[in-house]
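So the protein lines, in turn, are chains A and B.
The letter at position 63 of the first sequence is residue 90 when you use the working numbering, and the numbering goes up by one with no holes.
The letter at position 191 of the second sequence is residue 228 when you use the working numbering, and the numbering goes up by one with no holes.
Watch out, some of these pointers could steer you wrong.
[What the hints assert, rightly or not] Here are the computed distance ranges between Cβ atoms for each label pair:
| no. | chain 1 | residue 1 | chain 2 | residue 2 | range |
| --- | --- | --- | --- | --- | --- |
| 1 | B | Glu84 | A | Ala32 | 53 to 59 angstroms |
| 2 | A | His119 | B | Arg57 | 38 to 44 angstroms |
| 3 | A | Ile36 | B | Arg48 | 28 to 34 angstroms |
| 4 | B | Gln136 | A | Leu211 | 30 to 36 angstroms |
| 5 | A | Gln58 | B | Asn39 | 46 to 52 angstroms |
| 6 | B | Asp61 | A | Asn164 | 46 to 52 angstroms |
| 7 | B | Met87 | A | Thr218 | 41 to 47 angstroms |
| 8 | B | Ala126 | A | Leu50 | 38 to 44 angstroms |
| 9 | B | Met87 | A | Ser136 | 46 to 52 angstroms |
| 10 | A | Glu44 | B | Gly102 | 45 to 51 angstroms |
| 11 | A | Gln58 | B | Gly149 | 55 to 61 angstroms |
| 12 | A | Glu44 | B | Arg57 | 17 to 23 angstroms |
| 13 | A | Leu50 | B | Leu228 | 56 to 62 angstroms |
[What the hints assert, rightly or not] To give an idea of the interface, some chain B residues facing chain A are shown, with a C-beta separation under 10 angstroms as derived from the structure:
| no. | residue |
| --- | --- |
| 14 | Asn53 |
| 15 | Arg57 |
| 16 | Leu67 |
[Claimed, not checked] Listed next, the stretches of chain A that the computed footprint assigns to chain B, with coverage defined by at least 3 CB atoms under 8 angstroms from CB atoms of chain B:
| no. | segment |
| --- | --- |
| 17 | 47 to 54 |
| 18 | 150 to 157 |
| 19 | 217 to 229 |
Read the hints as simulated data drawn from the structure, not as lab findings.
Glycine is no exception: its CB is placed at the ideal position from the N, C-alpha and C atoms.
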Amino acid sequence: MPGRANAIILAVMRRDEDPQSVLASLETERQELLGEADGLQRFIGCMRMLMNPGAARSERREPEIVGLFEQVLDSAIGAANARDGSILVPDHRTQELVFLVVRGDEPHSKLVGRRLPPGEGIVGWAAQTRRAVIVNNVTGDERFYPGVDRDLQYRTESVLAAPIIGGDRLLGVVELINKRDRRLFSVGNQTLLGVMCRLAGELLSSMVSDVELSETAALVRTQPNPT
Amino acid sequence: MNTDIADEIARLRSQNSQLRAEVDAMKAFLDTLQGLVEALDHTPQDEEVMAALASSLQGAVSVLGAAHGALLVLDEDSDELVTVLGVGAGQEAAWSRSQASVGLAGWVLQHGEAVIANDAPADERFDAGADQAPGLDTTSLLAVPMPGKDKVMGVLRIANTGAQGIFNDNDQVLISLMGRFAGELLARMALRHAHDPVG
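Just need the whole structure built from these sequences, with the hints factored in.
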């Protein structure tokens with residue numbers, strides 16, 4: 028049916044030329060660019076904080092460490108236009124990954140302190156291979172761990188994850204869930220997140236020891252869920 | 038097509054194009070910084086270090102819309118700052134030397150702190166010989182230290198920003214980030230060559 032195929036193509040092209048469609052498309056592009064620019068500005072703020080940590084180190088380092096990772100996560104969510112996200116940190120005593128910082132709809136706050144066995148889920152894969160990964164259709168990916176969705180009655184559609192590495196140490200994994208407007212995470216998102224995590228990791232590595240990370244992970248386990 | 042809609046489309050296209058350029062320049066610069074960090078992961082050849090530094094310096098000049106960028110390394114034997122890399126406008130300044138205590142660059146080296154001088158010639162620390170590339174009149178200047186393990190290895194100097202005409206705090210953060218990684222790379226390079234015969 029070549030004639031019908033051509034008619035469809037022409038209809039699509041005509042729609043693209045429709046001024047209102049062009050306007051809407053440009054507005055969507057603008058919102059996406061503004062989101063990226065905002066995420067990058069947040070990242071600069073995050074770098075400023077990592078380069079100029081408080082002069083005096085407090086006795087209790089956990090709040091400070093959580094604050095540092097919150098900055099990293101917020102800038103990553105903005106730069107990738109993601110809806111939700113979290114950072115998991117390794118507990119070096121048990122080799123588990125622990126949800127340290129979570130952003131998103133209300134049910135996600137229940138995740139703080141939850142532990143994943145070594146290698147579990149897409150974040151476990153990113154931690155073990157030390158590579159960033161995009162999975163735009165999680166149901167078709169055997170690395171996806173559905174337990175969290177089941178417990179939270181949430182629907183993960185797409186995931187972008189990247190390890191935070193510095194001084195050759197794994198300091199955490201950023202996991203971004205579901206891009207805004209049901210779009211797909213791109214290779215560009217993956218590259219940028221990888222760069223951001225690498226730069227932040229290099230600075231974090233001189234500020235946070237493995238022991239401090241594990242102690243922070245252990246502490247959040249004992250905190251009551253805020254919901 | 039309705040003229041108002043046509044104007045709106047043209048305006049949005051122009052804005053998006055400018056935004057895209059800014060976002061892309063920032064990403065490109067961050068990418069060059071990753072090159073510096075990755076060079077820290079192994080023991081790179083000197084040529085690789087210099088290529089990574091040159092790429093980052095070019096990225097820094099682009100992302101700030103500046104006219105010139107230079108990487109100055111301290112020669113401890115002569116107590117001079119040596120321009121080992123220069124990019125952008127101005128005549129080739131590579132391997133020129135200035136006293137390590139002179140000018141804004143000298144102040145940054147001595148104090149280990151960044152400086153923004155948006156009217157550089159009016160700053161009492163400014164020295165035309167030390168703070169500008171030959172053939173380029175410095176108007177605004179951003180200089181940051183490159184800290185090594187226990188000393189400042191040199192100074193990164195970016196001159197004449199084009200965007201708003203002034204350098205801001207965010208610009209300082211970006212260049213300081215580069216200075217941090219560049220300093221560590223240079224320190225390792227120096228350590229590797231510590232026992233090389235001089236001459």
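Consistency of the hints with the structure:
no.: 1; hint: B/Glu84 <-> A/Ala32: 53 to 59 angstroms; result: holds (54 angstroms)
no.: 2; hint: A/His119 <-> B/Arg57: 38 to 44 angstroms; result: holds (42 angstroms)
no.: 3; hint: A/Ile36 <-> B/Arg48: 28 to 34 angstroms; result: holds (30 angstroms)
no.: 4; hint: B/Gln136 <-> A/Leu211: 30 to 36 angstroms; result: violated (56 angstroms)
no.: 5; hint: A/Gln58 <-> B/Asn39: 46 to 52 angstroms; result: violated (23 angstroms)
no.: 6; hint: B/Asp61 <-> A/Asn164: 46 to 52 angstroms; result: violated (28 angstroms)
no.: 7; hint: B/Met87 <-> A/Thr218: 41 to 47 angstroms; result: violated (24 angstroms)
no.: 8; hint: B/Ala126 <-> A/Leu50: 38 to 44 angstroms; result: holds (40 angstroms)
no.: 9; hint: B/Met87 <-> A/Ser136: 46 to 52 angstroms; result: holds (49 angstroms)
no.: 10; hint: A/Glu44 <-> B/Gly102: 45 to 51 angstroms; result: violated (35 angstroms)
no.: 11; hint: A/Gln58 <-> B/Gly149: 55 to 61 angstroms; result: violated (42 angstroms)
no.: 12; hint: A/Glu44 <-> B/Arg57: 17 to 23 angstroms; result: holds (22 angstroms)
no.: 13; hint: A/Leu50 <-> B/Leu228: 56 to 62 angstroms; result: holds (59 angstroms)
no.: 14; hint: Asn53; result: holds (5 angstroms)
no.: 15; hint: Arg57; result: holds (6 angstroms)
no.: 16; hint: Leu67; result: holds (5 angstroms)
no.: 17; hint: 47 to 54; result: holds (count 5)
no.: 18; hint: 150 to 157; result: violated (count 0)
no.: 19; hint: 217 to 229; result: holds (count 8)
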